[in-house]
Each structure stands twice: as structure tokens, then as C-alpha cells.
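Peer 1: Listed below are the residues making up each chain.
Number of protein chains: 2
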Amino acid sequence: MEDQKQKLELVKKPTVNDIARVAGVSLATVDRVLNRRPGVRAVTVQKVQKAIDELGYVRDTAAANLARNRVYNFLFVLPDTDNEFVEALSTQIGEQSWDQFIERTRMTIKKVAPFDPQDIVEILDGVDGRDVDGVAVFGPETPSVRDAVKRVRDKGVPVVALVSDLPSSDRDHFVGIDNVSAGRTAAQLMGRFVHRPGKVLVLTGSRLARDHLERRQGFDLVVAEEFPHLEVVASVEGRDDPDLIYKMMPEIFETYPDLVGIYSSAAGNAGLVQFLSESKISKGLAIIAHELTPLSREALCRGTFDALISQDSGHIVRSAVRLLRATSDKVPFNRAQERIRIDIYLKENLPP
Amino acid sequence: MEDQKQKLELVKKPTVNDIARVAGVSLATVDRVLNRRPGVRAVTVQKVQKAIDELGYVRDTAAANLARNRVYNFLFVLPDTDNEFVEALSTQIGEQSWDQFIERTRMTIKKVAPFDPQDIVEILDGVDGRDVDGVAVFGPETPSVRDAVKRVRDKGVPVVALVSDLPSSDRDHFVGIDNVSAGRTAAQLMGRFVHRPGKVLVLTGSRLARDHLERRQGFDLVVAEEFPHLEVVASVEGRDDPDLIYKMMPEIFETYPDLVGIYSSAAGNAGLVQFLSESKISKGLAIIAHELTPLSREALCRGTFDALISQDSGHIVRSAVRLLRATSDKVPFNRAQERIRIDIYLKENLPP
DNA sequence: TTGAAAGCGCTACCAC
DNA sequence: GTGGTAGCGCTTTCAA
Chain H
1 MEDQKQKLEL VKKPTVNDIA RVAGVSLATV DRVLNRRPGV RAVTVQKVQK
51 AIDELGYVRD TAAANLARNR VYNFLFVLPD TDNEFVEALS TQIGEQSWDQ
101 FIERTRMTIK KVAPFDPQDI VEILDGVDGR DVDGVAVFGP ETPSVRDAVK
151 RVRDKGVPVV ALVSDLPSSD RDHFVGIDNV SAGRTAAQLM GRFVHRPGKV
201 LVLTGSRLAR DHLERRQGFD LVVAEEFPHL EVVASVEGRD DPDLIYKMMP
251 EIFETYPDLV GIYSSAAGNA GLVQFLSESK ISKGLAIIAH ELTPLSREAL
301 CRGTFDALIS QDSGHIVRSA VRLLRATSDK VPFNRAQERI RIDIYLKENL
351 PP
Chain R
1 MEDQKQKLEL VKKPTVNDIA RVAGVSLATV DRVLNRRPGV RAVTVQKVQK
51 AIDELGYVRD TAAANLARNR VYNFLFVLPD TDNEFVEALS TQIGEQSWDQ
101 FIERTRMTIK KVAPFDPQDI VEILDGVDGR DVDGVAVFGP ETPSVRDAVK
151 RVRDKGVPVV ALVSDLPSSD RDHFVGIDNV SAGRTAAQLM GRFVHRPGKV
201 LVLTGSRLAR DHLERRQGFD LVVAEEFPHL EVVASVEGRD DPDLIYKMMP
251 EIFETYPDLV GIYSSAAGNA GLVQFLSESK ISKGLAIIAH ELTPLSREAL
301 CRGTFDALIS QDSGHIVRSA VRLLRATSDK VPFNRAQERI RIDIYLKENL
351 PP
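Residue numbers (the UniProt record's numbering), protein chains in the order written: chain H, 1 to 352; chain R, 1 to 352.
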């Protein structure tokens, strides 16, 4: 930090030429040391390294990429569902592909059967380190997926986990929100929005999905801690399937006539919205769902949903790309910029 | 869009050499046309332009910047207050300066007397187009400021308005949130959080600050529309001054004994927090304030504040820089990425 | 009005 | 092991 400050005063940054001059070697040798290539005597490496440190050299990535004509090829592995959030991710990848193309990076999407670890494993094992420079995976944290991710990384290909973390796999980075906190946030809103005592339902997706589990966990914690007037009943697993959810709703309301709130912590909101718009049950029921999508936005504006917990899909994609590039180039990245926020949306603060 | 899609299939992007070859001219001429420099016959321009269009050429900014050894010098004009949000902006500028330095951009801060248009005008009029490539201004929208901004732009120097918009000045961009929506958001939260009927106070900063006015406006609108149990009383102007605010509070509570909520729409929260922690009045009082800072964060965690409306200072600085660079280079930018969100923070979704 | 050539910071290939 | 040199895409003298 001190060194950096100092450097800012400098008129010019040192270049490879400066290093060569100071170390008394050729450009080629400097380059070899810089890129940790073999074929340089230890003493020479020392000399060069000394010059690098003294000068406070920082590689000009743009120039390097230009010289080597570098192109980054990144693979996005996404579940093949018509879930609106996954679609938003795909759309973002599509929309950003031109901007990224200009910045020397190509993005490819591969869709895999949802909730099917085997399919992901196959894709992952098919990754060729020669034509893929990084992989972003959105999938369940099963032992087989975990091992497949490890295998990809062993090939030297960086991997980031998207939306749902895969910590046990040693992925290079996680790009998404802290889902326990997201659940806690939903609970706080629920507790504040609902005045009368009653039961609250958590609609979840799959037991395999780490993100869903974490949300439920955070939700329960805060309701228990802060809102004694609410009681969270057993989760209902909707498998992110609108039809299934739609069909399950009547029975749920029969079982819990005193329902005062629903936390839809996964996808498949279309089923919920449809049911609510048909039956007039929703009166006085607080509903908090996840992800800003055209459907949920509409529901929020109509007052069917009361709040949305969301994560910015555009930011997620940009962040995944930046992290993959930084990892691939072994350069540092800006933590604060890569942090995905837990967005809260009310109808008042929707983006235009 | 169609063209771009097509381009993505291509193996390589066309370069200046391709244009030169296709147009049958030299590199130098291509460059002259590309950069709209004089000294090229109209017919030649046509030829080159045709080749550019045909090939779908897009300039490689990195290579261009390398060749011309471009450095961007940006000036940030900020009010000289100890207001925590302004400090956050300064801190961000400091923290990002190394990253930006690496990317060929230097940031300078100039502090001006707060709420004093004349001081800003002087700084702005002192801007020399030869050593400043862009200006980011956080200031009041007065006629003199507006005219000074116009003068800067007339010199060919891009200007972005920071946090508080200066639409009448024709600034190139506004980097900040929609403050009417921010006020609406605060009102929605207030209405949902407060159950019993009563009065709500809006603590504002200055009548000159466009952002404060807009927030108040949005707040009033939503309370009137949706929450008949609340009554917004006349604004109190705290001039972003903690001491002043602290001193005013007792009288306010005397005047409105049935206060149920406070919307602190400007700065100076320290005074409010101090008063509340000393008197035990705050019980059952909903308080919504602006900007996530160490102080407000602490107040939120302790339960003194109930929610925060915020804008990400890191994002604001990065966005200002990107917009200034894009404007300066006359290249397009990504709207979605530059949109500053209206963040809502509860104690549950605070960043680590 | 136009073009040839050098050079930005870095990499890579081919000699020695 | 090491160095010379061409070249990435673009800009910028300097001559013609």
C-alpha cells in the first residue's frame, strides 16, 4: 500500500525495458522470468526479480494480451429449466457477449438436466484445457459434482460457482449472494410486514440445492429470534416447477387456514402467482419471493408480492467473467466490486 | 444487433490493416478517417468509410491507448464537509486510485465550500482542457453552477453530475440514484413498519440540494397515496449538520409528541443518533435514514435505525470514471452496468 | 493529400 | 541459457 501510494506520484510506470536495463539482461530473459518460464539460471532470475521489485513493476495486461493475441474462452454450465432467473442469466450472457467479445472474451453456454448431477459431471469431464480458459457452474453440491469440479481445476482450468456455492469442491470463487443472509432478510421483512399472529410457509426448491437450504435456515433463525408471533411450518418442495406449485397450493391452504405469509425461496413463482390471482385468498397475506424477473416484477407492482429478494444477474455474469480472467491471468481482483449484493425490491425502487 | 451477432461468429475482428487493404489506402489515411482528422479528400474518406462499414470494424481501445500512451486525468469536485457519505466517496476515490492508475487513469479531488455555488464555479472555470479529461461534480443545481458546467463542456471536457443531478446544465451523465424513487421507497418502508397512526418527520438537508428535495417529494407522494394512517409534518432543515440536528430534536419532540417515524433524508445522522441514544424516546419510533456508513451501520445493528436507503459509493466512483472515459473516447457504454441502484439495507443484508 | 516507418509494452520465435 | 527481432493493433511523426 505504501509502495503503491509512492508509485502514484511517479510520472511513468516502469516497463519491461526498464527491467532489462536495470538487470542488465535482454527483454527475452525478463519475459521468461515474468512468466515463470524455465531456461533461466537461478542467479539471473534473482537479478531480474530484484530489478522488478526495486522498480515496482506491474505488468500492463492490455499490452500483454495484445502481444499474445489472447482470447478468453469461458464456459457457462446452467440448468436447462425455463425458470425465469436462469433465463435472465442466459439473456445476460447473450447481451454481454458483444461487449465481452470486444474485450477478447467469448462466452459459451451449456445447459444440463436440472437437479441431475451426472449430466454436469459429463460436461465438466469433457472440458478441454486447450480450448476452455474457465468454467462457471450453477449446480447442486453433490459429491460427484464436487469431484468433477476438482478434476477440471486439476487440468488448470479455473472454476467459479454461480449462484449456489460449491465450497467443498475448492472452486476458485463463488459468485452469488450469501443465501443464509438472504433468508434472514426475507424473515425480517416478513416479520415487519405481518402484524397479526399466524403461520408462515416456506416454499423451497430442492433438497439438493444448497442455496435453497441456506435460505430456509436463515429464515427460520430470524423468525425464531425476533418474531414470536409467527410460526414457520414445514417447507414445501416445489422443485422450481410452476405447475407442481400451482397444484399444491389448495391443499396447503386447507392444511393451514391461518397462513399469514409465504416465503417463496426458490423458483416457480408463476404457479404461485396464478393460484393467488385465481383464488382471492391472498388478502392480507404477505408474500416475499426471490429474483426480479418480468413475472415477479409484475406481481410486485400489482401488490400480489410484497417484496423481492434478488441478485443482479448482469452483475453476476460480469463478475464471473472478471474473476475467471483474473484467476486465469493470476492477477488480483477487487473484492468489493465482485461482491454480489442482496437486493431488496419494493415496487418503489424497481429499476426502470 | 444483427450485425454484431454475425460478427461473433467471425474468427477474427477486422483491424486497421484490413481496412487499409480493402480501401486501398495506407494505414495513416485509415487512421485519419477513423479519428476524423482533416487532410483527407472527401472521396478517400468515402472509400475508407465504406471499408469500415463493410468489415464491421470496431476499434481496439486497448491497442489505441497503448499506441498513444493515453492517460485520463479526471477531476472530482466534492463538498468539503465531514459528512460520512462524502467521506465514503473520497475514500473510494483513494482506494480505487491504484486500480485506476493501472488502467491509465488518474483521479484528483478538489473540495469546495459546501452549499456555496461560487466556490464550485471558480474551480470549474479553472479547469484547463489540456490537463483535465473529465470532471465529476457533486453540487447544488444553481444557475451559476449550471452555467459553469456548460462552460466546462464547451471547452470539450466531459462532465458528469454525481449523486445530485444537474439536468439543466446539460451534463453528459448523471451518476446516482433516482431520488424521487428513493423517497418513495423510504415511504413504503415507513408505512409498512409503522402500525399505529401518527405523525412522521422528514429531516432534510438544504433547499438548494436537488437530491433532498426530490426525496421529500417522493416520500410525500407515497405516504399520501398509500398510508392514510400517517401524516407527514413540515420538513426540518438540518443542513447536514449533526450538531444543529442534535440541538433541534428536543423541540421537535415537544411540538409533535405523537411522532411515530422519522425519515432522515439527508446527512448529519450523528446528531440524530446521539439524541436518540440519550433520550429514550425512540421506543416504537421507526427511523429510516440514508447512506450506509460506519455510523448508520452501527445504528441499524443496534436497532436505532430500522432501515437504510443507500447508494454504493464504490459503484458511483467506478461508474463516473467509466462514463467519463467513454464520453472522452466517444465510445458507447453499458447502461445497465452504470445504473446506480437504490439499495435497501436491513441489519440482515449488510455487506460483511 | 497521402504513405512509410517507428514505436507503445509485451510476447514469441529462432539463433547463438 | 540467453539475446535479437518481428509483430500484436493502433497512432504519430516526417517525407514525399
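It should be emphasised that the hints constitute simulated quantities derived from the structure, not laboratory data. Cβ coordinates follow ideal geometry from the N, Cα and C atoms, glycine included. A hint or two may mislead.
[Stated by the list, open to error] List of simulated lysine to any residue pairs, SDA-like, C-alpha gap at most 20 Å:
1. Lys347/R x Ala336/H
2. Lys13/R x Asn73/H
3. Lys13/R x Glu103/H
4. Lys330/R x Ser144/R
[To be verified] What follows is a set of in silico ranges between Cβ atoms, one per label pair, in the way DEER data are often shown:
5. Lys247/H x Gln337/R: 35 to 45 Å
6. Lys199/R x Glu95/H: 41 to 51 Å
7. Lys330/R x Asp147/H: 42 to 52 Å
8. Lys12/H x Arg207/R: 40 to 50 Å
9. Lys111/H x Arg207/R: 49 to 59 Å
10. Gly284/R x Pro250/H: 34 to 44 Å
Peer 1: Each hint: holds or not?
Peer 2: Quick rundown of the hints versus the structure:
no.	hint	in the structure
1	Lys347/R x Ala336/H	19 Å, holds
2	Lys13/R x Asn73/H	16 Å, holds
3	Lys13/R x Glu103/H	11 Å, holds
4	Lys330/R x Ser144/R	28 Å, violated
5	Lys247/H x Gln337/R: 35 to 45 Å	40 Å, holds
6	Lys199/R x Glu95/H: 41 to 51 Å	47 Å, holds
7	Lys330/R x Asp147/H: 42 to 52 Å	50 Å, holds
8	Lys12/H x Arg207/R: 40 to 50 Å	48 Å, holds
9	Lys111/H x Arg207/R: 49 to 59 Å	56 Å, holds
10	Gly284/R x Pro250/H: 34 to 44 Å	39 Å, holds
In the structure shown, a violation is registered for the earlier hint numbered 4 alone.
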